[in-house]
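Protein chains: 2
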Amino acid sequence: MPDTAAQAPTDRTRVRRIAENAHYDRATLHAIIDAAYLCHLAFADEKGTHCIPMACWREGEYLYIHGSNGGRLLKLLQKGTQACVTITHLDGLVLARSAFNHSMNYRSAMVYGVFERVEDKRAALDAFMQHLAPGRQHEARPGSDKEFAATTVMRISLDEAACKVRSGGPVDDEEDMAHPAWAGVLPFVVMHTPPVVDPVCGIAPPAYVQGWTRGG
Amino acid sequence: MPDTAAQAPTDRTRVRRIAENAHYDRATLHAIIDAAYLCHLAFADEKGTHCIPMACWREGEYLYIHGSNGGRLLKLLQKGTQACVTITHLDGLVLARSAFNHSMNYRSAMVYGVFERVEDKRAALDAFMQHLAPGRQHEARPGSDKEFAATTVMRISLDEAACKVRSGGPVDDEEDMAHPAWAGVLPFVVMHTPPVVDPVCGIAPPAYVQGWTRGG
Numbered sequence: 001m002p003d004t005a006a007q008a009p010t011d012r013t014r015v016r017r018i019a020e021n022a023h024y025d026r027a028t029l030h031a032i033i034d035a036a037y038l039c040h041l042a043f044a045d046e047k048g049t050h051c052i053p054m055a056c057w058r059e060g061e062y063l064y065i066h067g068s069n070g071g072r073l074l075k076l077l078q079k080g081t082q083a084c085v086t087i088t089h090l091d092g093l094v095l096a097r098s099a100f101n102h103s104m105n106y107r108s109a110m111v112y113g114v115f116e117r118v119e120d121k122r123a124a125l126d127a128f129m130q131h132l133a134p135g136r137q138h139e140a141r142p143g144s145d146k147e148f149a150a151t152t153v154m155r156i157s158l159d160e161a162a163c164k165v166r167s168g169g170p171v172d173d174e175e176d177m178a179h180p181a182w183a184g185v186l187p188f189v190v191m192h193t194p195p196v197v198d199p200v201c202g203i204a205p206p207a208y209v210q211g212w213t214r215g216g
Numbered sequence: 001m002p003d004t005a006a007q008a009p010t011d012r013t014r015v016r017r018i019a020e021n022a023h024y025d026r027a028t029l030h031a032i033i034d035a036a037y038l039c040h041l042a043f044a045d046e047k048g049t050h051c052i053p054m055a056c057w058r059e060g061e062y063l064y065i066h067g068s069n070g071g072r073l074l075k076l077l078q079k080g081t082q083a084c085v086t087i088t089h090l091d092g093l094v095l096a097r098s099a100f101n102h103s104m105n106y107r108s109a110m111v112y113g114v115f116e117r118v119e120d121k122r123a124a125l126d127a128f129m130q131h132l133a134p135g136r137q138h139e140a141r142p143g144s145d146k147e148f149a150a151t152t153v154m155r156i157s158l159d160e161a162a163c164k165v166r167s168g169g170p171v172d173d174e175e176d177m178a179h180p181a182w183a184g185v186l187p188f189v190v191m192h193t194p195p196v197v198d199p200v201c202g203i204a205p206p207a208y209v210q211g212w213t214r215g216g
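So the sequences go chain by chain: A and B.
Counting in full-length UniProt numbering, the first sequence runs from 1 upward without gaps.
Counting in full-length UniProt numbering, the second sequence runs from 1 upward without gaps.
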């Protein structure tokens, strides 16, 4: 499927509130996931519904997570528990002339499905490291057999997914346009601030450290 | 209860993975919520488990949300559906010498409970506006009776809540300390970037607009 193809929404992913902000294409979905380092993962068990932040990354049409074998979440997901994964980037506060037309600018992606175990954990975790710090998978001390054995990697297909994006300025009703309140957007940007080296580290900073503050 | 009092964890909020990062005091919980403009809200209905981003704010020992009466979520929450609300701020990528000791710095809060309807919607939404832009509740065109009637405000008690916070540099095992990989933290900060005024707005920027880029 080409990256720009639209995906038909399911009953769960069809956006009903402010439906004109919905996006069902792969390019929007991939961009929102790739801009994130973590997601919120919802699932239910006998104690109730839970919402847990998890580090995540994307390869192709899957979102990946990993964790210790001993964790409650990964044990449960391996039983085929239905999950919902959401990623949201907040871009600004939208100040309209009318109180009820205030809004926020954001990019949000929601994925429904069931996680599956990933057998090639080394390749998957190398891809995660490549997402965090390109090239670092060749520099860090690689995982031992014992470390890999204690870790579970899982992935969820991006088949059932939808995005919702709001951008731009406030939208006021015609009759409110003369109301004397400032109108516009107060924007947020996630910035990269200078790397903080471990005090006992004597290694020269690699490219992804030197270039960190140019990103973000 | 004083702000600094610790709260006993419940079976659901007791942190089991890396328990030394758990915080059960009110001050940590309040600070994490107050630094946020949105939360992720998980709930289950007959279609499955969902995770939805929602604007939120805190007053006292409650987290508030609002939305259109017609929305699926608010209808369901009014039936007493159990919810889990999570807020996560990502502060940095923690690069350790060993691949498996990589981590992230973050501040996360999780709240379990049942939402209740808020009757005094005007006071609650004024408090929300005060959180977004202090003083603006006196400037924007106030909501009409019809607008208030179409909106539901709900809140969840912070009684059953827990926070998890990681900060600081990488922690490597003694035998990895000589491994020649750069070690340290690549930090993130959410910055406020210059306000974008609505092109047809002729109103002078109020204090919260003029001071926007000094915050964040």
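The reader is advised that the hints may include incorrect statements.
Claimed, not checked - Below, a list of computed lysine to aspartate or glutamate pairs in the EDC-like style, where the Cα atoms sit at most 20 Å apart:
{"#": "1", "chain 1": "A", "residue 1": "Lys75", "chain 2": "B", "residue 2": "Asp11"}
{"#": "2", "chain 1": "B", "residue 1": "Lys75", "chain 2": "B", "residue 2": "Asp34"}
{"#": "3", "chain 1": "A", "residue 1": "Lys121", "chain 2": "A", "residue 2": "Glu61"}
{"#": "4", "chain 1": "B", "residue 1": "Lys146", "chain 2": "A", "residue 2": "Glu175"}
{"#": "5", "chain 1": "B", "residue 1": "Lys121", "chain 2": "B", "residue 2": "Asp173"}
{"#": "6", "chain 1": "A", "residue 1": "Lys47", "chain 2": "B", "residue 2": "Glu59"}
{"#": "7", "chain 1": "B", "residue 1": "Lys146", "chain 2": "A", "residue 2": "Glu61"}
{"#": "8", "chain 1": "B", "residue 1": "Lys79", "chain 2": "B", "residue 2": "Glu139"}
{"#": "9", "chain 1": "B", "residue 1": "Lys79", "chain 2": "B", "residue 2": "Asp126"}
{"#": "10", "chain 1": "A", "residue 1": "Lys47", "chain 2": "B", "residue 2": "Asp11"}
{"#": "11", "chain 1": "A", "residue 1": "Lys146", "chain 2": "B", "residue 2": "Asp173"}
It should be emphasised that the hints constitute simulated quantities derived from the structure, not laboratory data.
Outcome of the hint check:
Distance check on the hinted pair: A/Lys75 and B/Asp11 sit about 18 Å apart at the alpha-carbon level, within 20 Å; holds. Proximity of B/Lys75 to B/Asp34 is assessed by CA-CA distance (about 26 Å); at most 20 Å being required, the pair is judged violated. With a C-alpha separation of about 17 Å, the suggested pairing of A/Lys121 with A/Glu61 holds against the 20 Å cut-off. For the proposed pair B/Lys146 and A/Glu175, the alpha carbon gap of about 15 Å is at most 20 Å, so the pair holds.
Pair hint B/Lys121 plus B/Asp173 does not hold up; C-alpha atoms about 54 Å apart against a cutoff of 20 Å. A threshold of 20 Å between alpha carbons decides the hint, and for A/Lys47 with B/Glu59 the separation of about 27 Å lies outside it, so the pair is violated. Note on B/Lys146 and A/Glu61: the hinted pairing is violated, with a Cα-Cα distance of about 45 Å set against a maximum of 20 Å. Between B/Lys79 and B/Glu139 the CA atoms are separated by roughly 35 Å; this puts the pair beyond 20 Å, and the hint is violated.
A C-alpha spacing of about 26 Å is found between B/Lys79 and B/Asp126, which places the hinted pair above 20 Å, so the restraint is violated. Distance restraint check for A/Lys47 and B/Asp11: the Cα-Cα separation of roughly 9 Å lies within the 20 Å cut-off, and the hinted pair is therefore satisfied. Of the supplied pair hints, the one linking A/Lys146 and B/Asp173 holds, its CA atoms being roughly 15 Å apart against a limit of 20 Å.
The structure does not agree with the numbered hints 2, 5, 6, 7, 8 and 9 stated previously, though it agrees with the rest.
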